[in-house]
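Enquirer: From first to last, the protein sequence lines are chains B and C.
For the first sequence, position 306 (counting from the first letter as 1) is numbered 306 according to my numbering, and the numbering increases by one without interruption.
For the second sequence, position 165 (counting from the first letter as 1) is numbered 165 according to my numbering, and the numbering increases by one without interruption.
Wrong hints could be hidden among the right ones.
[Unchecked claim] DSS-like, lysine-lysine: derived pairs with alpha carbons at most 27 Å apart:
1. K69(B) to K432(C)
2. K559(C) to K572(C)
3. K105(C) to K345(C)
4. K69(B) to K520(C)
5. K345(C) to K291(C)
6. K345(C) to K154(C)
7. K520(C) to K55(B)
8. K230(B) to K277(B)
9. K161(B) to K265(C)
10. K291(C) to K99(C)
11. K69(B) to K517(C)
12. K445(C) to K101(C)
13. K230(B) to K69(B)
14. K291(C) to K559(C)
15. K101(C) to K69(B)
16. K517(C) to K55(B)
17. K290(B) to K558(C)
18. K287(C) to K290(B)
19. K559(C) to K290(B)
20. K59(B) to K517(C)
21. K561(C) to K345(C)
22. K59(B) to K520(C)
23. K517(C) to K230(B)
24. K69(B) to K55(B)
25. K561(C) to K290(B)
26. K438(C) to K69(B)
27. K230(B) to K520(C)
28. K554(C) to K290(B)
[Unchecked claim] Here are a few chain C residues that sit away from chain B, every Cβ distance over 10 Å (derived from the structure):
29. L131
30. G151
31. Q390
32. L427
33. K572
34. S575
35. L595
36. A602
Hints listed in this document are in silico derivations from the structure and should not be mistaken for laboratory results.
For glycine and all other residues, C-beta sits at the position ideal for the given N, C-alpha and C.
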Amino acid sequence: MDDILRAIFYTIIFPGLIFTCVFGLFFCWVDRKIAARIQSRIGPPWYQCYADVLKLMGKTMIIPRGSRKAGFLLAPLLGLAGITLVSTIIWRVNINQEVSFVGDLIVVLYLLILPSLALIMGGSSSRNPFGVIGASREMKMILAYELPFLIAIITVILKVKSILLGEIITFQSIQGVLVGNPSCVIAFIVCLPCIQAKLTYIPFDIPEAETEIIGGTLAEYSGVSLAIFKLTNAMMLFILPFFLISLFFGGINFNIKGILIVLVEYLAILLLIILIKTTHPRLRIDQAIKFFWWLVTPLAVVGMILALIGE
Amino acid sequence: MNLILLIPIILPITIGFICLIVPWQRIREVFTFIGMLLTTAVALKILLLNELRLQIEWITLSSAQINFDLISYHFSAFILLACSFFGLLITIYSLKQMKGKYHLKEYYIYLLWTVGIANGSILSNNLVILLIFWSIMPVLLYLLIDISGSGSGKAALKSIIIVGGSDFLMLLGVVIIWHLKGTITMNEIIIPIEDGLSTAAFILLTIGAVAKAGAMPFHSWIPDAAEVAHVPVMAFLPAALDKLLGIYLLVRIALDLFIMDYSMKVLLMSIGAVTIIAAVMMALVQKDLRKLLSYHAVSQVGYMVLGIGTGTLIGIAGGLFHMLNNVIYKCCLFLCCGAVEHRIKTTNLERLGGLARTMPVTFITCVIAALSISGIPPLNGFVSKWMVYQGIIDVGGSIWPIFLIAAMFGSALTLASFVKVLHSVFLGEMPKEIMEPKEVEFSMKVPLVILALFCVFFGIFAQFPLKYFIGPVLEVRFSGIGEAINLNGMWSPTLATTLLAFSLVCGIIFYRLGNIKALKEGDIFVGGEPIDCEELRISGIHFYDTIESTGFLKYLYKKAKARAFDPYEWGKTISFSLYSGLSKIHRGILPIYILWIIIGFAVLLFILMK
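Produce the entire structure from the sequences given, and follow the hints as far as they go.
Expert: Take a look at the structure:
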């Protein structure tokens with residue numbers, strides 16, 4: 001019973017839902033601010049993202065007539081639940097490497113699909129043709145980036161010879177960070193466009209594409225349900241780079257120096273994502289698939305072969 | 001004498017014969033139902049008893065004995081129960097679904113016989129007895145496919161040629177084993193694979209097992225049969241029974257009869273990996289629900305073969321668990337397909353849509369089964385797939401990453417094709433010609449709901465089937481199974497589900513915190529244009545056209561659609577070309593025959609005179 005209570009605390013307060021929400025929305029602001037500065041705008045004040053979510057929660061929610069209501073309303077929750085669990089697993093392992101369970105890396109990979117699946121279900125039940133197109137694009141994007149992402153993560157597994165997140169982090173605290181190896185540099189480079197696509201950021205915002213299919217899967221969402229989707233995305237913005245830090249930069253050490261280092265690493269990855277986002281136009285879906293399958297995947301395979309021969 | 005072992009074989013067969021002479025359809029259905037129920041009950045009884053054996057002397061040869069030898073131990077008893085139980089479910093389902101169908105009279109009789117014969121092959125402890133039962137199965141399969149009306153003959157023929165042909169290869173394997181060990185009693189054989197003969201025996205027997213399960217390259221009869229056969233037949237044979245039997249035999253071969261070496265493991269794992277990817281890629285672009293599901297029936301075998309091929313404890317356990325899970329959700333999916341067909345009279349994805357509103361039970365069970373097969377946590381498919389992955393990593397060496405990529409990416413592709421199914425059948429817009437269909441009858445809902453509940457239960461409480469079914473099976477070969485299987489310190493499905501549920505509750509609290517009371521309905525927003533949703537219906541069938549036409553996949557798909565990768569077609573081409581020369585000579589035209597006779601006579605004369 002005690003265990004379950006503790007697990008619930010971890011999931012809901014720290015490092016799960018509430019913690020990730022607060023920091024996610026903060027980094028969402030960082031993202032918007034930096035993007036604005038790059039485009040010579042002033043950008044929003046620090047509380048803007050919190051205010052957005054709060055405002056959305058107060059708005060009237062409009063459900064499209066004739067849509068599959070239960071699916072339409074439950075879809076956002078699915079994504080939120082998935083990303084909460086991911087965040088809990090990754091942070092818990094960083095805090096205490098002993099709590100890692102066999103195959104948690106695989107569990108994280110699977111749970112990371114849930115937010116995308118939520119978008120697909122939502123778009124598909126919304127009855128809006130743009131929503132349907134968005135859903136089909138989202139699924140194709142999953143297929144596109146999942147392959148190189150998997151190979152990049154297998155490169156890490158090959159290097160560490162373990163699929164426990166805890167052991168991957170411990171390995172790096174003893175042997176030095178993984179990104180020091182050529183194979184893992186490649187894997188890390190491969191992961192960057194993949195998380196860009198997971199976040200549906202430009203140039204991979206094809207499923208949403210505001211100027212083309214008016215937000216795609218999100219077109220019919222409003223009020224609280226839209227707020228939950230926004231929140232999920234903010235949480236992903238916080239947790240995905242941190243996932244990469246755990247895999248390639250040895251995770252976090254809980255002292256002032258360690259936290260500062262992670263913060264710098266995190267901001268560097270964030271900056272890269274934002275730079276890609278602000279300097280590229282959106283790709284078409286077929287271009288994105290070709291980019292991931294025929295360009296990023298071979299690169300990832302090179303990285304994996306390097307890891308196999310011990311580089 | 002443990003005569004109870006004979007009951008699951010003889011009882012359904014006898015009732016089948018009784019049904020043959022009963023003239024009333026209603027009575028026949030009742031008899032079938034009672035027969036299946038009794039068989040299930042007896043199978044349960046056998047599972048609860050300890051190891052049983054029944055030996056009746058039959059033929060004694062100088063080199064070996066062929067006894068009528070039945071054995072039930074933990075593993076076979078469980079498979080026995082599963083077979084009988086699925087027979088029962090299919091019978092309940094068929095009562096309404098099959099109503100008014102062609103050749104209904106024979107259908108139930110064949111169903112009963114299939115269960116009896118399948119039970120026989122599960123229980124037999126002698127390879128020859130196994131082979132006898134095993135080779136009656138394709139005949140019944142042929143009959144069950146063949147009764148489904150016009151155009152089914154070809155598919156039925158294909159199935160019997162492929163499955164029956166593989167049985168013949170199995171016979172060769174049995175002969176080699178006989179030669180090697182001098183015995184064909186299964187629990188007395190352990191052959192280490194070291195020379196050519198034992199390798200040949202292993203491969204031949206494996207072909208029999210994987211052909212029954214439907215792995216590549218022996219899969220091609222399944223999609224063909226799916227197009228024509230009755231849906232319950234598909235749900236019963238390729239989706240459930242064939243998997244149970246094929247994988248049961250494969251585990252017996254890989255675990256009990258032989259000791260696999262590394263190359264055999266790699267062979268099995270390669271079959272598995274290729275099956276997963278190739279079949280699911282085909283499933284992705286299907287436009288008919290039956291065909292799509294049938295390709296998944298092939299693809300999922302890949303995970304089982306891959307898991308068993310790893311030869312590691314957790315891999316084999318995962319493969320077995322996946323077999324169990326697969327029969328549950330795949331049977332459920334086929335039955336959902338049958339429910340849709342029962343109401344709408346078509347399985348063409350383009351002509352379906354929006355059924356979620358009017359057929360909620362079918363929809364929810366289908367969602368559960370679809371998410372299970374895609375391996376979404378916390379459902380059962382996730383647990384077994386994850387165990388297979390773990391097994392692959394445990395193999396070591398340098399080749400495992402390829403298998404892991406195939407397995408994990410295959411899972412994403414599976415999800416993709418079920419997104420297409422759920423959208424096109426249940427979520428999208430309803431086509432105009434469908435007139436608000438009603439939910440299916442109660443007796444059809446029962447099997448759907450039971451199977452969906454099993455999906456959820458085996459996912460959340462995965463420790464139960466692992467502990468009570470899979471653990472004891474593997475205890476024979478692996479010691480220390482207890483701690484490895486009981487998932488301690490691993491992914492705990494129950495806890496994870498609790499946490500997922502709590503996160504969901506948090507989401508609901510979010511909804512409550514928000515302005516949920518001001519909920520209203522509005523029109524769909526399409527950039528301000530007023531649109532007619534029915535006109536602008538987007539069916540799911542074009543979801544993956546982009547993938548179909550990208551790079552060399554375009555070429556592969558084109559070839560695959562022309563059946564260029566079907567060994568059956570190769571065999572057909574080769575054998576036709578072989579006798580095309582002969583058939584030119586044999587036209588039945590008398591002068592030509594006379595010409596041949598004269599030529600022959602001349603040659604003969606020439607030789608004699610020389």
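Enquirer: Against chain B, does L131(C) keep a CB gap of more than 10 Å to every residue?
Expert: At roughly 40 Å from the nearest Cβ of chain B, L131(C) sits farther out than 10 Å, so the non-interface label holds.
Enquirer: Examine each Cβ of chain B, and state whether all of them lie more than 10 Å from the Cβ of Q390(C).
Expert: violated, 5 Å
Enquirer: Does the alpha-carbon distance linking K69(B) and K432(C) stay inside the 27 Å limit?
Expert: Answer holds: K69(B) to K432(C) is near 21 Å, not above 27 Å.
Enquirer: Given the proposed pairing of K561(C) with K345(C), does the C-alpha separation stay at or below 27 Å?
Expert: It holds: about 25 Å lies between the C-alpha atoms, which stays within 27 Å.
Enquirer: Is the claim that A602(C) lies outside the interface with chain B correct, judged by CB distances over 10 Å?
Expert: Per Cβ check, A602(C) is outside 10 Å of chain B; nearest 67 Å; holds.
Enquirer: Minimum Cβ separation between L427(C) and chain B greater than 10 Å?
Expert: violated, 4 Å
Enquirer: Holds or violated: are the alpha carbons of K105(C) and K345(C) at most 27 Å from each other?
Expert: The given pair, whose Cα atoms are some 22 Å apart, holds under the 27 Å limit.
Enquirer: Taking 27 Å as the top limit, are the C-alpha atoms of K559(C) and K572(C) close enough?
Expert: holds, 17 Å
Enquirer: Quickly compare the C-alpha distance for K230(B) and K520(C) to 27 Å and report which way the hint goes.
Expert: OK: K230(B) and K520(C) at ~21 Å, within 27 Å.
Enquirer: Is K59(B) within 27 Å of K517(C), Cα to Cα?
Expert: Holds, at roughly 10 Å.
Enquirer: Please work out if K559(C) and K290(B) have their alpha carbons no farther apart than 27 Å.
Expert: holds, 21 Å
Enquirer: Verify this label for me: G151(C) is non-interface relative to chain B, using a Cβ-Cβ cutoff of 10 Å.
Expert: With a cut-off of 10 Å, G151(C) remains clear of chain B, as the shortest Cβ separation is near 33 Å.
The structure fails to meet hints 15, 31 and 32 from the earlier list, while all remaining hints are met.
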